[in-house]
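Chemist: Given next are the chains, with one letter for each unit.
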Amino acid sequence: MEHIVSGIIVVNTETIAGKMIVQNLGVVGGSTVRAKHFGKDIFASLKNVVGGELKAYTELLEESRNEAIGRMVSDAVARGANAVVNVRFATSAISAGAAELFAYGTAVKVE
Amino acid sequence: MDFWWIAIIVGAPLAAFGIIWTIAYPLMFLYAALTSERNLVKSQAALVDREMKSLEHFRGSDPLSSLKGEHIIAGVEASGLVYASIVFGPSAWHQLIGWFANLFGGRIEIYHRVIALARAEAMQRLRERMQSEGWDDILNVRIDTAEMSPGGVKSSINAVEVFAYGTGVRFG
Numbered sequence: 001m002e003h004i005v006s007g008i009i010v011v012n013t014e015t016i017a018g019k020m021i022v023q024n025l026g027v028v029g030g031s032t033v034r035a036k037h038f039g040k041d042i043f044a045s046l047k048n049v050v051g052g053e054l055k056a057y058t059e060l061l062e063e064s065r066n067e068a069i070g071r072m073v074s075d076a077v078a079r080g081a082n083a084v085v086n087v088r089f090a091t092s093a094i095s096a097g098a099a100e101l102f103a104y105g106t107a108v109k110v111e
Numbered sequence: 001m002d003f004w005w006i007a008i009i010v011g012a013p014l015a016a017f018g019i020i021w022t023i024a025y026p027l028m029f030l031y032a033a034l035t036s037e038r039n040l041v042k043s044q045a046a047l048v049d050r051e052m053k054s055l056e057h058f059r060g061s062d063p064l065s066s067l068k069g070e071h072i073i074a075g076v077e078a079s080g081l082v083y084a085s086i087v088f089g090p091s092a093w094h095q096l097i098g099w100f101a102n103l104f105g106g107r108i109e110i111y112h113r114v115i116a117l118a119r120a121e122a123m124q125r126l127r128e129r130m131q132s133e134g135w136d137d138i139l140n141v142r143i144d145t146a147e148m149s150p151g152g153v154k155s156s157i158n159a160v161e162v163f164a165y166g167t168g169v170r171f172g
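Sequence lines, in order, name chains A and B. Under our numbering, residues 1 to 111 are what the first sequence spells out, in order. Under our numbering, residues 1 to 172 are what the second sequence spells out, in order.
Some clues are possibly wrong.
Restricting the straight-line Cα-Cα distance to at most 30 angstroms, the calculated cross-link-like pairs of lysine-lysine (DSSO-like) are [to be verified]:
id	chain 1	residue 1	chain 2	residue 2
1	B	Lys42	A	Lys40
2	B	Lys53	B	Lys68
3	B	Lys42	B	Lys53
4	A	Lys40	A	Lys55
5	A	Lys19	A	Lys109
6	B	Lys42	A	Lys19
7	A	Lys40	B	Lys53
8	B	Lys68	A	Lys40
9	B	Lys68	A	Lys109
Pairwise CB distance ranges, derived in the manner of DEER restraints [said to hold, decoys possible]:
id	chain 1	residue 1	chain 2	residue 2	range
10	B	Ile8	A	Leu46	31 to 37 angstroms
11	A	Gly7	B	Ser43	36 to 42 angstroms
12	A	Ser92	B	Glu128	40 to 46 angstroms
13	A	Ile21	B	Glu51	32 to 38 angstroms
14	A	Arg79	B	Phe171	26 to 32 angstroms
15	B	Phe104	A	Ile94	31 to 37 angstroms
16	B	Ala45	A	Asn86	52 to 58 angstroms
17	B	Leu14	A	Ile94	21 to 27 angstroms
Calculated from the structure, these hints are not laboratory results. Beta carbons are placed, not taken as given, at the ideal position from N, Cα and C, and that holds for glycine.
Starting from the given sequences, assemble the full structure and let the hints guide the process.
Modeler: If you want it as structure tokens, here you go:
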């Protein structure tokens with residue numbers, strides 16, 4: 001996590017232990033839509049016959065989530081926040097082979 | 001002008017894939033029928049091993065909790081988001097068993113086992129990640145389960161995505 005975000009606290013609790021929220025800067029969000037390469041889709045469907053983890057999809061979603069969080073954080077930084085609290089995630093399959101990942105939270109200033 | 005060559009460029013790989021698929025699918029299905037039960041049991045055993053190892057590392061108590069942190073009075077040095085995920089699907093053989101079980105209704109044991117394994121695996125990955133990132137505890141753990149069928153209902157992929165996340169805290 002610390003490799004994506006520097007100098008900003010991101011948590012999914014309503015408060016940050018040991019810190020006090022002094023200003024609310026509104027809801028910030030970031031989303032990304034990703035699709036896997038055609039060939040990897042085929043490999044995933046072959047792997048699905050045998051069963052088990054579909055690593056290609058796990059990686060795809062991991063990368064997309066990192067990107068969504070990165071966008072959310074840069075939105076928060078643009079508003080002058082130093083923390084994002086109560087982060088939530090939403091996932092939706094927008095069309096064949098593409099997934100939308102959405103991360104949102106409240107940008108705040110803490111002391 | 002005729003564009004027959006476009007039809008060949010697009011059609012030939014698809015036709016080749018179709019032929020390979022029709023040959024490979026029955027063989028893979030047979031392989032799945034023979035190995036998937038054993039693989040499932042094996043990965044359950046491997047997961048229990050890893051769970052015991054991380055339980056040992058955290059001195060016998062599970063670091064994950066869904067508490068919101070009000071019980072912490074002082075001493076937190078840092079906090080941050082931790083998350084882990086897995087996309088996991090039942091094999092074609094297990095899907096067939098599930099389909100038959102679905103005809104009679106009631107408890108579908110095989111799907112239960114697959115999903116329980118995926119969820120436990122996601123939580124174990126969360127524990128391993130917090131260990132590598134150096135958090136002492138994870139608060140407010142949430143587990144999301146999303147259906148992962150990129151082609152809609154008729155997709156050839158049947159899998160679930162389990163996503164576990166929480167707030168890591170480090171005590172000073």
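Chemist: Failing hints, ascending?
Modeler: Numbers 6, 7, 8, 10, 12, 16 - these are the hints that the structure violates, sorted from lowest upward.
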